[in-house]
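There are 2 protein chains.
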Amino acid sequence: MADLNEKVDSEIEDALQDAIEVADERQVAEIVESISSQEALRQVSLMKADERDQLISILAPEAAAELIEEAPAELAVAMIEGLETSVAAKIMEELQTDTQADIVQELEKESAEAILSAMDRESAEDVRKLTQYQPDTAGGLMELEVFSFLDSDSVGTVLTRLVEGDEAFERHRGQHPYILDQYGRLVGVVSLRGLLRSKRSVRLEDIMSPALAVQADTSLDELVTLFDENPFLGVPVVDKRGGLLGAVSRRELTEAEMVRAELQSLSRQQVGDELRSMPILLRSRRRLSWLSSNIVLNIIAASVIAAYEETLSAVIAIAVFLPMVSDMSGCSGNQAVGVSMRELALGLTRPIDLFHVLKKEFGVGIINGIVLGILIGGVAWAWKGNGWLGLVIGLALALNTVVAVSIGGTVPLLLKRFGIDPAVASGPLLTTVTDMVGFFLVLSIASLFMTQLLS
Amino acid sequence: MADLNEKVDSEIEDALQDAIEVADERQVAEIVESISSQEALRQVSLMKADERDQLISILAPEAAAELIEEAPAELAVAMIEGLETSVAAKIMEELQTDTQADIVQELEKESAEAILSAMDRESAEDVRKLTQYQPDTAGGLMELEVFSFLDSDSVGTVLTRLVEGDEAFERHRGQHPYILDQYGRLVGVVSLRGLLRSKRSVRLEDIMSPALAVQADTSLDELVTLFDENPFLGVPVVDKRGGLLGAVSRRELTEAEMVRAELQSLSRQQVGDELRSMPILLRSRRRLSWLSSNIVLNIIAASVIAAYEETLSAVIAIAVFLPMVSDMSGCSGNQAVGVSMRELALGLTRPIDLFHVLKKEFGVGIINGIVLGILIGGVAWAWKGNGWLGLVIGLALALNTVVAVSIGGTVPLLLKRFGIDPAVASGPLLTTVTDMVGFFLVLSIASLFMTQLLS
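From first to last, the protein sequence lines stand for chains A and B.
FYI, the working numbering numbers position 184 of the first sequence as 184, with every residue one higher than the one before it.
FYI, the working numbering numbers position 105 of the second sequence as 105, with every residue one higher than the one before it.
Isolated chain A, as found in the complex (with noise of 0.2 Å):
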């Protein structure tokens, strides 16, 4: 089966490159089509930037438009910057207006001017309405079209556009029909079962109720919230002064939810958004950057070691085990990051909680610091048949592992309450302190047995 994959796989690849190669347009559509979106876009981000924007330039602007749609975020932007801009503008009208804004905010401002000059006047400027706003707010989220109509219309405009309304309704499933007065300002909203009840010519302001709304700069955190204590599937957004801008569906929040989640959980890795279809030196320098603020951290934590020099040439078999501390107690303090990085995600932890948390994570420190020092102080012991070596290396990561449990567990605390993001931080932070500590519970418990240990 596998086989059969590869074989399948590689022969579509190959077929695809001879059509871009003689840029036979039928081919490649047609190539792209008998394909599933997910298998198209892995095709794309396997290619070179040259023969990407070869294939997208042969393919038709709507068929384009909907790969893009399906594409992550920084794929997405790298499917249009290499484009000629015309027919980069081309397959822009053809995405929503969402996806517009949110590849003009990340396309470099020359060639997004460009690209919006050439696009048609009316999609060009809704695009611009958009990238006003941050993108994780709900100016940033909301869709511009939205379902709405004059407190003067009657119930029957209503209802006759619902029965015509080509996909209008569809589009806007979710969305109640909104009311707005004369000057564009939000007064109220009508449910189905208000319109089916009244007449057809009853005026949409004498059964309409107070709509819920929120301001263009309301954030992420703040929707979720408001969705998470609300059934409804959209809410619609208003300018200061109580004009209709547009309406956050249920199901856009959701992905930007999962992207901000998942963008986190990338953030320990110090990796953000990167895909290996970006030029590798911008790769290496992305990852570069992280990595050698992380040498100062290693050279503070192995400092220590140097401090030690003399004990450790005199029982060189700590050596061996200096490094088995440090990871084992970083692994137990990663735990207990884990634990309060869900908990302050959840909300059942708070920045006030720390020394509940401390006292909670104190007593599972030594429980597990007991184990763990015994069963590694037994491998010390049994393998150079010296107790004393057992009981230094058993005694120090049990202490570690009590330390590292400990700040573990508090530290995303701490960082949140002076406002640093705790999944970036916490990692390095306890990996430095629970080596730097481990290091010195071994090498100078390691002093005090010294004449012990070499008897």
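Treat the hints with caution; some may be incorrect.
As the list claims (entries may be wrong) - Far from chain A, some chain B residues (derived; all Cβ distances over 12 Å):
{"hint": "1", "residue": "Thr97"}
{"hint": "2", "residue": "Arg185"}
{"hint": "3", "residue": "Ala425"}
Unchecked claim - Residues on chain A that point at chain B, a partial pick, calculated with CB under 8 Å:
{"hint": "4", "residue": "Met258"}
{"hint": "5", "residue": "Pro279"}
{"hint": "6", "residue": "Arg283"}
{"hint": "7", "residue": "Asn294"}
{"hint": "8", "residue": "Leu312"}
{"hint": "9", "residue": "Leu344"}
{"hint": "10", "residue": "Leu346"}
{"hint": "11", "residue": "Gly347"}
{"hint": "12", "residue": "Asn368"}
{"hint": "13", "residue": "Val371"}
{"hint": "14", "residue": "Ser455"}
Bear in mind the hints are in silico, worked out from the structure with no lab data behind them.
Each residue gets a CB set at the ideal place from its N, CA and C atoms; glycine is no exception.
Given the structure of chain A, go ahead and fit chain B onto it with the hints provided.
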């Protein structure tokens, strides 16, 4: 601001404790109602098990159920399992069917049976129906309440139910009205537009269109793909003979998806769904089960150092750099793991792309290896004034970075190919290999240059 919160917070805590002690139902209810449900859950998770049970028993069943609906799965189970059977049953009756099923599946078999027997027969039967299905399938995710009609019903029947329906339509937003034949089999679906366009006397079977439905054993992954590719807000679930069982809503689906994504990210730290409100011994045991297997990996890696004790004794300064080289390489490798995990999740990479990934990562590894090698080699040189020491350490780190990045990028693909969850196994596997190779490189290169190092 922080101080103010802290004060108010501890006041709430004290007031709540006092009210629980004297079992002042009214006071307890008032306090819980005055704070947000998230804050109430935080208080609950700060309490000891018996305090928690007391609090929940004092609350009205509806209020307790509201809190439990909002709680993460493990806390929800803990909030039920300590209660008296009759109290638990009353609260369970107030929960949504899918929450009931989730809790019942987590409870000990005997107490689940006891609670189900104490519930009213209809609710208990619904729960029993749902618990037949695996949690991450359409059957486990569906709601039993559907908005359904007979094919012989008229348009008027549906419109009347839309108008009268207390909450019916509001609750079933996202579901179209599903049409069944006389045997309960799903035969079609009608759109709102279709209903509004037709006379009230028209039979539903004349305006219905075919319904897309899924089997109860459809997996979460398949559902995610289905909802990604289609705009609908809900999909009906049928049994083998086509009988309508329930419907999965987009909302329920994204919730399940987020819980799964969160658990996957946590599984890297091997803490799963631990909460600090769990008993301490359980928490210790869960964390130890992974830590103790990690000891074995650590011993394997450290045994490389043991093999080179002679080299190490001769140039003790190397001991300072051993943990630095292994830690830096571990970080570089984890960055590559992060990118691969993300590309796997996005579908941009598949196990058969192994060589493509290897080639790409190899390039990044060489660039970053050279940069990091020069940096840390320079540090070693400056610190001991020994250029050969700098060369040994720098060369070892450069080579180990290439190894770590290449392995880090490919190991998630290999694990996935062999059906092992890469989120769980990639980290420990990578760390062990990069530690071993790192120790080996530093110590064997040092052995090669021993004369120069000691000169």
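| task | Could you check the structure against the hints above and give me the numbers of any it violates, in ascending order? | result | 5, 9, 14
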